[in-house]
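Student: These are the residues of each chain, in order.
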Amino acid sequence: MSLTRENVAKVAKLARIRLEDAELDVMKVEINGILNWIDQLQQVNTDGVDIFSEQQAQQLPERADVVDDGNIVDAILANAPEKAHGMFAVPKVVE
Amino acid sequence: MTKTNLTELTLTEAKGGLARKEFSAVELTQAFIGAIEQNRHLNAYVTETPELALEQAKASDTRLAAGKAGKLEGLPLAIKDLYCTKGIKTTASSKILHNFVPQYESTVTQNLWNEGAIMLGKVAMDEFAMGSSNTTSYYGNVISPWKEKARPEKDLCPGGSSGGSAAAVAGHLALAATASDTGGSIRQPAAFTGLVGIKPTYGLCSRRGMVAYASSLDQAGPLTHTVQDAALMLEVMASHDPLDSTSLNIEIPNFSSLLKSDLKGLKIGIPKEYIDGLGEEMLAEVNKGIEWAKSQGATIHEVSLPMTKYALPAYYVISPAEASSNLARYDGVRYGLRVEGATLDELYENTRREGFGTEVRRRIMIGTYVLSAGYYDAYYLKAQRVRTLIQRDFERVFKEVDLLLTPTTPGSAFALDEKPSDPVHMYLQDIYTVTVNLADLPGIAIPSGLDQKGLPLSLQLIGPRLSEQRLLNAALALEECAGFSSLVKDLRKAA
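Going down the list, the protein sequences come from chains A and B.
Quick note: the first sequence uses this note's numbering, first residue 1, plus one each step.
Quick note: the second sequence uses this note's numbering, first residue 96, plus one each step.
None of these hints come from the bench; they were simulated from the model.
Every residue gets a Cβ at the ideal spot worked out from N, C-alpha and C, and that includes glycine.
Treat the hints with caution; some may be incorrect.
Stated by the list, open to error - Some chain A residues well away from chain B (every beta-carbon gap over 10 angstroms; in silico):
| # | residue |
| --- | --- |
| 1 | 4 |
| 2 | 5 |
| 3 | 6 |
| 4 | 22 |
| 5 | 70 |
| 6 | 86 |
Claimed, not checked - Covered by chain B, according to a simulated footprint, are these stretches of chain A (three or more residues, beta-carbon under 8 angstroms):
| # | stretch |
| --- | --- |
| 7 | 9-20 |
| 8 | 23-34 |
| 9 | 73-85 |
Please construct the entire structure, taking both the sequences and the accompanying hints into account.
Tutor: Set out below in structure tokens:
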């Protein structure tokens, strides 16, 4: 699998990381190198093999549906780069 | 106490010294604070916390005098900077978290404080734990305290991602350190710096409050001078945590009090895929390990793990995929770096562009790609199925033998200016460690000798799930045979 610069730009968009043209070109070479190496996985016959693993065999633990935490607005906002009215502030989203 | 310098004690020796009132926790802590000040060139610490450490030390001295000592009372430790420490900056060595101050404590570190341990500071790592060299930290490279005999002017790599933890302990800037291991990040730095490093069974230690890299692989563990120290640290770090849904619901054994040198009657497997193509020096080291094991009453058996060569590529699909998901939270909105943008999307894109280093960006990109529509089956699901086959390999082998003995790394530490420049070459450093994370198994690295450059070499023991006691006991036996600490003492005398 060989990515084009357009493919890489699309992935960068999905990952929400802005890359300049020159960086896209470098990234393309690096990613293609890594993907090329990863492609050896295709040699493995995985027909009928589950993605089941020890971790998934464990049941997800459950707890009673009661409130046992909360009312910590100050702690939640303590690291906020921008806040207002007890909320995180971001550029306008809705037109 | 034969050591004149308090900072040269092991964790266990210091614990004994405090109990016998040979020195106070404050004196011990001050010794380390002084050592840290004099060794800043190693760049191991991101954040030093001397005032907090002395406050904790005073409280420890009070508890020691009152006979109320915890298991780690008064013992100064370094904490890898991905453990959230309440009120103390936690960066994961990334620019995107350069100003992040957690409002809560990680479970693992809380366990340490509950037993009276002391925090000297937060130590550096590869950014977001992605690396095997500690050359991707936003705060600059960490330098190993070790030097090559022939080229002592060269700065050497301490390994990664827990390079700061390794440099701090090996450099006597802390008695022990917390670290973490996703593909080898405890064991490989242990190998490069002559330390003991154990990655326990997945789920033994809580991941709550640990900055996440790959959630199905990450595990906390200690870096220490000795196996005895590792047993003590692990016993305190591990716990069942209802706030981590992958935390194993079991009682943690008292690893340190149950510790005894024991290899008698054990069947030790040597996986041939880990020996094929091994360099001469490392091969000689494994053979030494085999002779030691036999001398301690173990029998040696050749075994095969045919899926071994696919472990690294599988890891480099699964871990970036999980990382791309885990690192999606760093968006400049709720904490950390924010770089402005005209729209919300631009805010995200600019922040993440500025905030993430090149290796992290690369892995997020790979992860995003392998999870994207049209490629998910071919890459991610394929890798997950290969992972199942890797687990089955180990299950089969552990029906025939009790433990596996392998090299920890292909060779000793490299110089910082000679590190692999190609990403894939760097990834190959983890070839013997990554399988263990993929199979959720415990693995321990112990220093076994020195190579012709005068640098540490290491052997790894791998066990079935929840075999930590057996692993530690076997490691103790090998450690006694290796006599590594006397080798190091001789080195120091000669220097």
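Student: It remains to establish, for every hint, whether it holds in the given structure.
Tutor: Status of each hint after checking the structure:
The claim that residue 4 of chain A lies off the interface holds: its Cβ sits roughly 12 angstroms from the closest Cβ of chain B, which is beyond the 10 angstroms cut-off. Every beta carbon of chain B lies more than 10 angstroms from that of residue 5 of chain A, the smallest distance being close to 13 angstroms; the non-interface claim holds. A cut-off of 10 angstroms between C-beta atoms confirms that residue 6 of chain A is not in contact with chain B; the least separation is 13 angstroms. No Cβ of chain B comes within 10 angstroms of the Cβ of residue 22 of chain A; the nearest lies about 13 angstroms off, and the non-interface call holds.
A cut-off of 10 angstroms between C-beta atoms confirms that residue 70 of chain A is not in contact with chain B; the least separation is 14 angstroms. At the 10 angstroms boundary, the C-beta of residue 86 of chain A stays outside the reach of chain B, the nearest C-beta of that chain being 13 angstroms off. Figure legend: the stretch 9-20 of chain A, annotated as covered by chain B; annotation consistent (8 residues with Cβ-Cβ distances under 8 angstroms, at least 3 required). Here's how the stretch 23-34 of chain A fares: 5 of its residues keep a CB closer than 8 angstroms to some CB of chain B, so the rule of at least three is met and the hint holds.
A count of 7 residues in the stretch 73-85 of chain A with a Cβ less than 8 angstroms from any Cβ of chain B is obtained; the coverage claim is therefore met, three being the minimum.
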